[in-house]
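Participant: Could you build the full structure based on these sequences and the hints that come with them?
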Amino acid sequence: MRNLISTLMRAVRRPWMIHVWWSIALVVTCVTGAQLGARTLNWGVSPLVWQGERGAQFARISSSLAELERNDIAFSEGLAISRLRTALIALASEDGGWLCGDYESKALENAKTWFDTHPDHHATRELQPFIPDGLRACEKRM
Amino acid sequence: MLKRRWNVHLVWMAIVLAGGMSSFYLGAYAVGFTLTQLAWQNHRSDHFGNIKAAIRLLTQNDLTAYHRFSEWQLRDGVDHLAVQYGEWRCSDTQSRTLSRARVWWKDHPAPAPRYAPFDRMIEKGWSACSGP
Chain G
1 MRNLISTLMR
11 AVRRPWMIHV
21 WWSIALVVTC
31 VTGAQLGART
41 LNWGVSPLVW
51 QGERGAQFAR
61 ISSSLAELER
71 NDIAFSEGLA
81 ISRLRTALIA
91 LASEDGGWLC
101 GDYESKALEN
111 AKTWFDTHPD
121 HHATRELQPF
131 IPDGLRACEK
141 RM
Chain V
1 MLKRRWNVHL
11 VWMAIVLAGG
21 MSSFYLGAYA
31 VGFTLTQLAW
41 QNHRSDHFGN
51 IKAAIRLLTQ
61 NDLTAYHRFS
71 EWQLRDGVDH
81 LAVQYGEWRC
91 SDTQSRTLSR
101 ARVWWKDHPA
111 PAPRYAPFDR
121 MIEKGWSACS
131 GP
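Line order of the protein sequences matches chains G and V. Here our numbering is used: the first residue of the first sequence is 1, the next is one more, and so on. Here our numbering is used: the first residue of the second sequence is 1, the next is one more, and so on.
Some clues are possibly wrong.
Below, a list of computed lysine-lysine pairs in the DSS-like style, where the Cα atoms sit at most 30 Å apart [to be verified]: (1) V:106 with V:124; (2) G:112 with V:52; (3) G:106 with V:106.
Some residues of chain V that are not near chain G, with every Cβ distance over 10 Å (derived) [as the list claims (entries may be wrong)]: (4) 3; (5) 5; (6) 46; (7) 109; (8) 111; (9) 112; (10) 114; (11) 115; (12) 116; (13) 117; (14) 119; (15) 121; (16) 130.
For the record, the hints were derived by calculation from the structure and aren't laboratory data. What you are looking at is a predicted structure, and each value in this text was computed from that prediction instead of being measured. All C-beta atoms, glycine included, are put in the ideal place defined by N, C-alpha and C.
Facilitator: Next up, the structure:
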């Protein structure tokens with residue numbers, strides 16, 4: 001036993017062992033640093049994401065309630081056009097690095113068909129500046 | 001010889017510090033990148049869903065269909081509030097919106113009984129503004 005301990009102590013005190021200790025310290029520091037970085041960002045960003053999501057839900061409740069209370073088809077149609085406008089502008093402003101699923105491509109194809117067959121509808125006239133770019137979002141397929 | 005040994009420690013310490021800082025940055029970057037992609041993808045799906053719904057509603061041009069969609073949107077919004085994590089404060093406008101929505105919901109009961117867990121979820125959502 002004593003021999004084993006003295007052998008171990010000699011091995012630990014060898015000059016190159018210093019590099020082993022420092023390598024272990026490097027690995028531990030890197031793992032801890034990565035964990036801390038991930039947790040710090042998560043801690044900072046999560047409340048912002050939740051807050052944004054919460055605001056969006058209240059906005060959705062508020063607009064739906066307004067539509068249900070008004071009971072007016074012109075108002076409902078205006079709201080649908082407004083949703084369409086927001087979605088088309090958002091898709092038109094993408095940088096093009098996204099691929100589309102079948103469901104998404106089909107939604108845009110249907111929208112294009114509808115716009116083509118309803119050229120005089122005031123939704124088509126109103127959204128004309130955003131339609132071509134918005135409908136181009138699925139040129140890349142999954 | 002002694003000076004050389006200290007230099008070894010100094011070099012290693014610099015490497016460990018640089019490694020720790022790079023790992024911190026990389027960890028934050030990886031989480032940020034992943035979260036951004038997920039959030040962007042969710043928003044994108046919402047946009048496609050909105051396009052599909054709006055085109056369908058404009059095609060039907062029927063007040064009942066519009067109302068059905070709005071009712072679904074209302075319920076979905078309240079459901080999302082029900083599953084929120086943590087304690088949140090509501091602004092006055094948000095509290096008013098939620099209580100108005102609750103009144104509307106009570107005044108317009110569904111003709112057929114709804115699936116009970118969904119109703120419990122809605123009930124939980126109504127209390128989203130009753131926290132501190």
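Participant: Next, verify each hint and record whether it holds.
Facilitator: Hint check results:
1. V:106 with V:124: holds, 14 Å
2. G:112 with V:52: Holds, because 11 Å separates the two Cα atoms, which is no more than 30 Å.
3. G:106 with V:106: Between residue 106 of chain G and residue 106 of chain V the Cα gap is close to 37 Å, so the pair fails against 30 Å, i.e. violated.
4. 3: Check passes; 15 Å lies beyond 10 Å.
5. 5: Since the minimum Cβ distance to chain G is about 8 Å, residue 5 of chain V lies within 10 Å and the statement is violated.
6. 46: Its Cβ does come within 10 Å of chain G, the nearest being 8 Å, so this is violated.
7. 109: holds, 14 Å
8. 111: Per Cβ check, residue 111 of chain V is outside 10 Å of chain G; nearest 16 Å; holds.
9. 112: holds, 19 Å
10. 114: holds, 17 Å
11. 115: holds, 20 Å
12. 116: Fine: 22 Å to the nearest Cβ keeps residue 116 of chain V off the interface.
13. 117: holds, 19 Å
14. 119: Non-interface label stands for residue 119 of chain V: nearest chain G Cβ at 17 Å, farther than 10 Å.
15. 121: Holds, because the least Cβ-Cβ distance between residue 121 of chain V and chain G comes to about 13 Å, which exceeds 10 Å.
16. 130: holds, 15 Å
In summary, the structure is inconsistent with hints 3, 5 and 6 from the numbered list given earlier, while agreeing with the others.
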